[in-house]
Amino acid sequence: MNEFLTLMKSELVLTGIIFLLLFIKIGKGIKNESLLPLIQVLLLANFIFGFFLNQPGRLFGDMFYTTPVIAFQKNILNLGVYLISLVCADWLRKTPHLPEFFLLMLSALLGMFFMISSANLLIFYLSLELATIPVAAMANFDLEKKRSSEGAMKMILSSAFSSGVLLFGISLIYGTTGTISLPLLGERLDGSALQILAFIFFFSAFAFKLSVVPFHLWTADVYEGSPIAVTSFLSVISKGAVAFIFMTMLFRVFEPLHATWHLMLVILSIATMVVGNIFALRQQNIKRFLAFSSIAQVGFILVALTGQDYRYHMNSTAVIYFVLIYIFSNLAAFGVAAVVSEKTGRENIDDFRGFYKNNPFLSWVLALALFSLAGIPPTAGFFGKLFLITTGASDANYWYIIVVALNLIVSLYYYLRLVRAVFMDKNESAAEAVPVNAPVRLGLILCGAGILLTGVLSWIFDYIHSL
Amino acid sequence: MSFEPGLYHILFVSTALFFIGVLGFFTRRNLITMLMSLELILNSVNLNFIAFNKYVWPGQLDGLFFTLFIIAIAAAEAAVAIAIIINLYRNSQSIDVNNAEELKY
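Chains as they are written, first to last, in this note's numbering: chain U, 7 to 473; chain C, 94 to 198.
Hints are not guaranteed to be accurate.
With beta-carbon atoms standing in for the labels, derived distance ranges [what the hints assert, rightly or not]:
1. Ala444(U) x Ala168(C): 29 to 35 angstroms
2. Pro102(U) x Glu195(C): 50 to 56 angstroms
3. Gly67(U) x Pro98(C): 30 to 36 angstroms
Keeping only pairs whose Cα atoms sit at most 20 angstroms apart, straight-line, the calculated SDA-like set for lysine to any residue is [claimed, not checked]:
4. Lys151(U) x Leu116(C)
5. Lys151(U) x Glu195(C)
6. Lys197(C) x Gly184(U)
7. Lys152(U) x Glu195(C)
8. Lys197(C) x Arg352(U)
9. Lys151(U) x Val173(C)
10. Lys37(U) x Ile175(C)
11. Lys147(C) x Leu128(U)
12. Lys147(C) x Thr182(U)
13. Lys152(U) x Arg122(C)
14. Lys197(C) x Trp224(U)
15. Lys151(U) x Leu196(C)
16. Lys151(U) x Asn192(C)
17. Lys100(U) x Val149(C)
18. Lys197(C) x Asp148(U)
19. Lys151(U) x Gly152(C)
20. Lys152(U) x Lys147(C)
21. Lys197(C) x Leu128(U)
22. Lys197(C) x Ser187(U)
23. Lys152(U) x Asn192(C)
24. Lys151(U) x Asn191(C)
25. Lys151(U) x Lys197(C)
26. Lys152(U) x Ser187(C)
27. Lys151(U) x Lys147(C)
28. Lys151(U) x Ser187(C)
29. Lys147(C) x Leu223(U)
30. Lys197(C) x Arg288(U)
31. Lys197(C) x Thr185(U)
32. Lys197(C) x Asn354(U)
33. Lys152(U) x Val190(C)
34. Lys147(C) x Glu9(U)
35. Lys152(U) x Val173(C)
36. Lys147(C) x Thr185(U)
37. Lys152(U) x Ile125(C)
38. Lys152(U) x Ile179(C)
39. Lys152(U) x Asn180(C)
40. Lys349(U) x Asn180(C)
Hints are computed from structural coordinates only; laboratory data are not their basis.
For glycine and all other residues, C-beta sits at the position ideal for the given N, C-alpha and C.
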């Protein structure tokens, strides 16, 4: 009983918060102005509690397992959700269904927690669906806008299709190995032709969720259509959670098929970076622009997965570290976009011309975030990219690394284009001063501090590596 | 003379069903029909699991349980999808995918 409480504590705390919100919803309605701070405090408490009582162990007949690394990954996601509740506070305060929004968001987060902890394909599939279906409902949250429901429709259909493909892969894997328990599966895989076919199905479902290139087409539409709080949740939290479980699957479970997935990863990562970069060059809407830039960033994450040192946890450390930094930088960018689009209704890059004149604080946060996404020192994004590419280079596959570096240079162009528009372009009708509320300001300052400090404080990387 | 279907017959049927579902999903332009194609895909997976459980790994229950959960999840997925489709219909008076084209490129 005691073991049950400590090993599942992040899930239990989250379930507690979900039930609390349900009771608030059922009871007399509380105004959004007083409910939102309560939710923010609860999420902060959830994040702080995530640092305590982290023990390794297994539960439910080895269907659920947790280690300190997994607890840390869950806590990164907790931090991301807390930051979203801060930086998107303007939109959240206005939405008529605030408790439902957080119910769906935290249910999806609960699904991600179970997904990261799953040691069984059945639990993995169930939690993957729990992490996807609420997000599709969230994407439709602007009920009267056609764009929102169109994005949600694209999301639910493509995710249902991808889970069908995933299930077909799982059924073939079950047929050839006779088990759905992940540790046993790792022992029984032998690389027969049917298993490789099954693995390709399995892999493509992950590629859908991560929006790796041949499967990326839903990403930009869903990002543009949904409300900005949902977009930031999708681009940061879901991507991070799927990247975490993808690492475990590749390095622990499908290790016998290393030769197959290594080549697939190399090809797909190049395709992802190139397509993400080229499409990001021509975007005008800032949400679409950030969507394609997030596709390119996923390509860089895949580079780290190709490295040979996965037995020494270098790859997983680099990816976890990068996701932490990515949460800070992307949420800062989305936060500024959210404030501006909520207060002025502007979402195009041209609307940001001359933005610095009246909004120095927002401009500096946006510039920091974009520098970090582009990987310019001393922001943390540089160190994140450095470790990703260093681990990717452990293959001694230098032509590949040169292609990656060229893609980095291309990505500099479009990030700096936005920075130039904000700081240097003259514009007669520049955006007037946008008021920034206290929670949004706190969130943006936290993101900025994260961008500046995470890279310089080297003990963070050492701490992740030591877990 | 009676005919006993073997594993290969069932696998042939389920794989055919899977690809019929994929074809329908890609070619149909009506959202409800696309959802039906998705159900075909999921049901082909169910057939696969049952067949593997009966012929290859008798005595285990993993495949059967997986099937039960897939049926439940498919219902949940269809519920959310239909809710979204109804909302799309309210906004644009159409459930044809070709009319849902505000977001492109």
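Checklist line | Violating hint indices (sorted, rising) | finding: 1, 2, 4, 6, 10, 17, 19, 20, 21, 22, 27, 29, 31, 34 and 40
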